[in-house]
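J.: Listed here are the chains, written in short residue letters.
There are 2 protein chains.
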Amino acid sequence: MNDLSRFSLNQITLKQWGLRDAIEGCVRHGIGHIGVWRDKLAEQPMAETRRHLRDARLQVSSLCRGGFFSAPTSQERGAMIEDNRRAIEESAEIGSPLLVLVCGPARGQTLGDARLAVRDALAELAPYAGERGVKLGIEPLHPMYAAERSVIVTLGQANDLAEVLASTAVGVVVDVFHLWWDPAVEREIARAAERIAGFHVSDWLVPLPDMLLGRGVMGDGVIDLLGLRSAVDRAGYAGPIEVEIFNQALWDSDPDAALERICTAYRSFV
Amino acid sequence: MNDLSRFSLNQITLKQWGLRDAIEGCVRHGIGHIGVWRDKLAEQPMAETRRHLRDARLQVSSLCRGGFFSAPTSQERGAMIEDNRRAIEESAEIGSPLLVLVCGPARGQTLGDARLAVRDALAELAPYAGERGVKLGIEPLHPMYAAERSVIVTLGQANDLAEVLASTAVGVVVDVFHLWWDPAVEREIARAAERIAGFHVSDWLVPLPDMLLGRGVMGDGVIDLLGLRSAVDRAGYAGPIEVEIFNQALWDSDPDAALERICTAYRSFV
Chain A
1 MNDLSRFSLN QITLKQWGLR DAIEGCVRHG IGHIGVWRDK LAEQPMAETR RHLRDARLQV
61 SSLCRGGFFS APTSQERGAM IEDNRRAIEE SAEIGSPLLV LVCGPARGQT LGDARLAVRD
121 ALAELAPYAG ERGVKLGIEP LHPMYAAERS VIVTLGQAND LAEVLASTAV GVVVDVFHLW
181 WDPAVEREIA RAAERIAGFH VSDWLVPLPD MLLGRGVMGD GVIDLLGLRS AVDRAGYAGP
241 IEVEIFNQAL WDSDPDAALE RICTAYRSFV
Chain B
1001 MNDLSRFSLN QITLKQWGLR DAIEGCVRHG IGHIGVWRDK LAEQPMAETR RHLRDARLQV
1061 SSLCRGGFFS APTSQERGAM IEDNRRAIEE SAEIGSPLLV LVCGPARGQT LGDARLAVRD
1121 ALAELAPYAG ERGVKLGIEP LHPMYAAERS VIVTLGQAND LAEVLASTAV GVVVDVFHLW
1181 WDPAVEREIA RAAERIAGFH VSDWLVPLPD MLLGRGVMGD GVIDLLGLRS AVDRAGYAGP
1241 IEVEIFNQAL WDSDPDAALE RICTAYRSFV
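From first to last, the protein sequence lines are chains A and B. Residues 1 to 270 (our numbering) make up the first sequence, in order. Residues 1001 to 1270 (our numbering) make up the second sequence, in order.
So that you can see chain A by itself, here it is in the shape it has in the complex:
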């Protein structure tokens, strides 16, 4: 049985809660970490959020999310860089060591060109992040999101990218939902080693109820969670483990009951 000491509630899991509700929910359930979303963060003054987090003794494990670098025009790219700078600042202001990146789709460019645009944006942002003590976490998404969300689709590719960038401000985020199918996943987790900046858990339901909002609670699907957790442990990652479940049914349910269920699942299956 796992304890909750490394459990982090990624806010999207219980999207029906505002940030203050989520903070209070974490306290009620004995949770010490939270993954914050920018739209939720924007709902109240930053100073208030900082006070709530401090009063709740809650550590922010990540801010979600930056990225979407692959805009086709230089004007849009410039705007995205600016927005990512703000996201880095917000991360620093709430004490988040990590900004999670969804790197963006091709948007009419070739995959190769879009991938170069991602690399260039990361190279531009890495020093800015490093100066503020924030790590940029490249999160490879499942290949079924390649057309609409991310041209970065495997951990091998994220590792390659991080190697080229060679910055301590660039890491990778391992999300089991996105990576479980990959025959190279264990090898690439080992290769990522100290580059691992975050670990996300959920499950792959069979059949998948929805491509976007059909993720399952841990143990309800087919992902070898203990195997991947063990690989991440062996690679040396000892930080928070974020539960990030995009699921409409969870959003429609009583959040405290859902969180209780999620904590129980985490203890047994992660």
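It should be emphasised that the hints constitute simulated quantities derived from the structure, not laboratory data. Some hints here could point you the wrong way.
As the list claims (entries may be wrong) - Facing chain B, a subset of chain A residues (Cβ under 8 Å, in silico):
#1 Met144
#2 Ala147
#3 Trp204
#4 Asp224
#5 Leu226
Unchecked claim - Straight-line distance between alpha carbons at most 25 Å, and here's what the computed SDA-like set of lysine to any residue pairs gives:
#6 Lys1015(B) with Pro207(A)
#7 Lys15(A) with Pro1207(B)
#8 Lys1015(B) with Asp1256(B)
#9 Lys15(A) with Leu208(A)
For glycine and all other residues, C-beta sits at the position ideal for the given N, C-alpha and C.
With the hints as your guide, set chain B onto chain A.
T.: Just chain B, lined up with the frame of chain A:
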């Protein structure tokens, strides 16, 4: 502009047609190749099908499909081997040089164990196929099908498997829908070289209307078809190009009008 000399109609594209209708449809549209499905083949006596194919001067590019090797019990595995032997015989009887394989999901096994089961089944079947002049085509499926259809999900993995088996009766099938997202796809197509036993085209629509029955007609989506076609050409593949589109809207439409549209799209986009 491409001509239709290498065009092959995979029967699933116009599933509303029985095999005889499909053969006659190919003749009407000047098509010289067809990819046959086993359930359609079973609808009439083999001798009759052979005569229809001969009269139509139609070459069979493939039989779909064998595989599903990863059954959890030895009894079920034995039954699957037997069924695949029959599929190899059917391929030989209709003059198909290729049996396309969907290798099967994990079905409660670990991904690693299921992948070993696939390897063992292929090793057992390869001599049987080789003696009958039939190639076993490992078709890596999109990772979104890993839980329900195939633990073989990348061309790199299919190439690794084919290398280990080291049999001239084992090849790989390159399907753009399954592989377009992979940063390694061009390198792995080059590596596959003379191992490429089939090339399937369709498109990835944005948004994808359905995980299973939402494939698009070539040119309607985001896949770099000309780039992948060029990579397959460079790798030396000169065989039929199968149009394999799983799409409910095509099945609900007039098949001759749909085939006309598909031929036009093929000329422009493949």
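J.: Against the 25 Å threshold, does the CA-CA distance of Lys15(A) and Pro1207(B) hold or violate the hint?
T.: Holds - the C-alpha atoms of Pro1207(B) and Lys15(A) are around 23 Å apart, at most 25 Å.
J.: Is the interface hint satisfied for Trp204(A)? The criterion is a beta-carbon contact with chain B at less than 8 Å.
T.: Result: holds, 6 Å to nearest chain B Cβ.
J.: Hint check: is the beta carbon of Ala147(A) less than 8 Å from a beta carbon of chain B?
T.: holds, 5 Å
J.: Could you check if Leu226(A) really has its C-beta closer than 8 Å to a C-beta on chain B?
T.: violated, 11 Å
J.: Would the hint on Met144(A) be counted as holding, given a Cβ-Cβ threshold of 8 Å to chain B?
T.: holds, 4 Å
J.: Against the 25 Å threshold, does the CA-CA distance of Lys1015(B) and Asp1256(B) hold or violate the hint?
T.: holds, 12 Å
J.: Does Lys1015(B) pair with Pro207(A) here, judged by a C-alpha cut-off of 25 Å?
T.: Holds: Lys1015(B) and Pro207(A) sit about 23 Å apart, inside 25 Å.
J.: Hinted pair, alpha-carbon criterion (25 Å max): Lys15(A), Leu208(A). Please report holds or violated.
T.: holds, 20 Å
J.: Please check whether Asp224(A) passes as an interface residue: C-beta within 8 Å of a C-beta belonging to chain B.
T.: holds, 6 Å
Figure legend: structure checked against the earlier numbered hints; the only hint not met is number 5.
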